[in-house]
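Keeping their order, the protein sequence lines are chains L and U.
Heads up, the first sequence is in the working numbering, so the first residue is 66 and it goes up one at a time.
Heads up, the second sequence is in the working numbering, so the first residue is 22 and it goes up one at a time.
Calculated directly from the structure, the hints in this document are not laboratory data.
For each residue, glycine too, the CB sits at the ideal point set by N, CA and C.
If you want the footprint, here are the derived chain U segments under chain L, 3+ residues with CB under 8 Å:
1) 88 to 99
2) 105 to 111
3) 115 to 123
Some chain U residues judged to face chain L by a derived CB distance under 10 Å, without partners named:
4) ALA69
5) GLY70
6) LEU71
7) GLY102
8) ALA159
9) ARG162
10) PRO166
11) PRO168
12) LEU172
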Amino acid sequence: MAHGRPGLTGALATAALPLGFLAVFFLWPVVAIVRLGLGPGVGAVLSSPDTWSIVGFTLGQAAAATAVAVLTGLPVAFLLARTSLWGNGFVRAAVMVPFVLPTVVVGLAFRSLFGDGGPLAIILANAFFNVAVVARTVAALWSHVDRRAEDAARSLGASRWRTFFSVTLPVLRPAISSSAAVVFLFCATSFGVVLLLGGGEYATLETEIYLRTVQLFDLTGAAALSMLQLASVVAVLVIGAILRRRSTALRLRGRADTARRPVGGEWGIVAAAWGVVVALMVPIVSLVAKSFESGLDGYRAIGGTGFRGSLQVTGWEAVLNSLRAATDATWLALVLGVLTCVALVTLGRTRARPSLIETIDTAMMLPLGVSAVTVGFGYLITLDALPGDLRTSPLLVPLAQALVVTPLVIRTLLPVLRSIDDRLRQAAATLGAAPWQVWREVDIPLAARSFLAATAFAYAVALGEFGATSFLARPESATLPVVIGRLVARPGELNNQLAYASCTLLMLVTVAIVITVDRLRVGSVGEF
Amino acid sequence: MLRVEGVTVRYGRVPAVSSVDMEIADGEVLALLGPSGCGKSTLLRAVAGLEPADGVISWDGVDLSGVPVHRRGFGLVFQDGQLFPHRTVAGNVAFGLRMAGERRVEGRVDELLELVGLEGFGPRRVTELSGGEQQRVALARALAPRPRLLLLDEPLSALDRSLREQLAIDLSRLLRDSGTTALVVTHDHDEAFTLASRVAVMRAGRIVQTGTPEQVWRYPTDEDTARFLGCTTFMDGTALNGTIQTPFGPAPLTAPDGPVRLGLRPTALHAGPGPTPATILTAVHRRDHIRLTVTTSAGQVDAITSITTPPTPGTPTTLSLAPDGLAIITPTPKTPRAHDVL
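The shape of chain L in the complex, shown without the other chains:
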């Protein structure tokens, strides 16, 4: 122990499973599909001004939507973390609902609000999805941050705003930059929304790749754009990692110590948070209202397969498919995410080079930023090489979903694990706790709430995942979002009613799961 780097080997071994998963189920398919398209045409695509205006629009709308999501998410995070008010449970569940709504449906809802769509509609719709990411990630850290630093700043004569900007914000920065990076990736690769609201006029890399792959069979162009997408995503992730570099150890406190009744100007923030929640509710309520436009017809139709058998599964079977796939994806993502976090935190303690930690961290985020179409297509041309042909396996959809969900688990857990004072672990070690016991006795209890939050989050995202699932799900294993997507695209009043009813059902299932997980108390965890 006095020599060398304790735990380095162990940490790398822990990281091996998530990294291996990433290599087999992400890198390999993506590289395969890109190689398939490599050819002399790539240069032409890359040098075309049209391509670069698409890149510009992709990054621009993503940046704007991220800014909107951060600005609207912060008041909600304050409400959830710093106040103990009636209705917080509702807010906690309500901000999660947009996340699971199929993009197609949200696209439709925003089109009815904004006429022909356009950049503003795209930005707001993308932000609408992602307020929850910011609100919940930031709240998870904020609820454990000691209030006294803020009190000290106030007593030194800092105004409430000054205190927020000079004391609170720097402490929250890891969580904010973490969630902003996730939101940016979601927005940069958002698909359904842009397709519906962009008309023929506005395209992002994601929709362009889809168009070229599926409709134009221009694999060369798609490969070029995929590489471009990968490059810009890596650039954003590296910048994000550098921004997160200086993270400070905090004194974490129990929730009861930090949540209280708001005072004075804090009510203004509470009002803003509720304003955000109400705004989030508008498209949701309009969807629910539409589902009742012709009474309960839509809901009765859930038992069937749509107008003239538009579907191969009934609505109820789709619900079961969704739950099954989301459950598998969630436990997979939790295993991968927790292993990654353990490896990253252990590496951090061994004084390993920061670049090694950041590389692993960044690699695990990549799937968020790469087109679901690319990954999906890649699966179809590579996974037959694995034993037991996964392409026909019911695990295919959960595998793809886990790829998208794992980064969220990591981003939710890691800030909290990293902010646990290392001396607390050292205290446990000097009292005789072996490294695994330190995890069991210190890290796990202190991060348990965030783990639950990550679980709920992962489940909701898996339930709502549309891009990769629509590409990979076989007709008889279609999930609810996929069914809704198909219904909206088919004619027939009954199909519309069924789509809206299914949407409402999906929201109900999500809310029920989020509320259940939030209410879970594991042993002594409840008090923290």
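Assemble the complex: chain L is given as a structure, and chain U must be docked to it using the hints.
Same frame as chain L, but now just chain U:
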């Protein structure tokens, strides 16, 4: 017993601790005393196994280099407690016992809470405790599994003064009564002298002097050490037959005959009836005395006077010498294991 031989700890290329030798006998309390940044906490963390170090750290002759933190059986108390926020007081104290696989811990937990004066605090949440109470719990937690060696890293520094002094006395009694072998790191010499039977003075990553509190206090090894131990004025004197002649009069102190270098603490000179004329420059109230700066024919020096006779700056007075405030600079012979000889 703990033996530290030639231990060096580096942060990057900068050595925080440079080839330190040190021994702690069973039942002994050793204080590592030094200014902040001298490397004393780093040395303590190396002993605990929390910092990779070069050199040999051994217990009863067994090299600890391959022994991880949790198998060393060394308890550690941090400056700010580092209690587990998700456990009660009893849960914190019982932690080490549970890790050792002990099933029936209630008795031992109650015993320790009583020992640190917190009977009945068991079910409380640690976040509700005051700083002093938290530190007592941290001590009880570290002592519960009966560590072979207790490491205390500035255990009282985060507390307010009166509490610190009271706790230092309690802690000293507790360590002696329980026969605990301990290493205390502190920058406060009062604390070091109260707690420890032997003091090692550390500066710039090295141990410069080791001895009993009396030795270190009376015979600091050089002027820097003397200055750290409160001396503010230095002057030459002459020792002859058990008396040292100083510019302020004779002092009955033992030193080898010949010239000696003296360090004077403010308490060495009392304003009042005495042989040396002086003029008061400034006066500042301290807890139990008034601290003065005065000019004399030997230069400007610090002195003290009683609170009952408040002095006025600018007025003349006389000074008497109080031998208790004198330190005799006694360079340690430059042998490799010098402190063992002293």
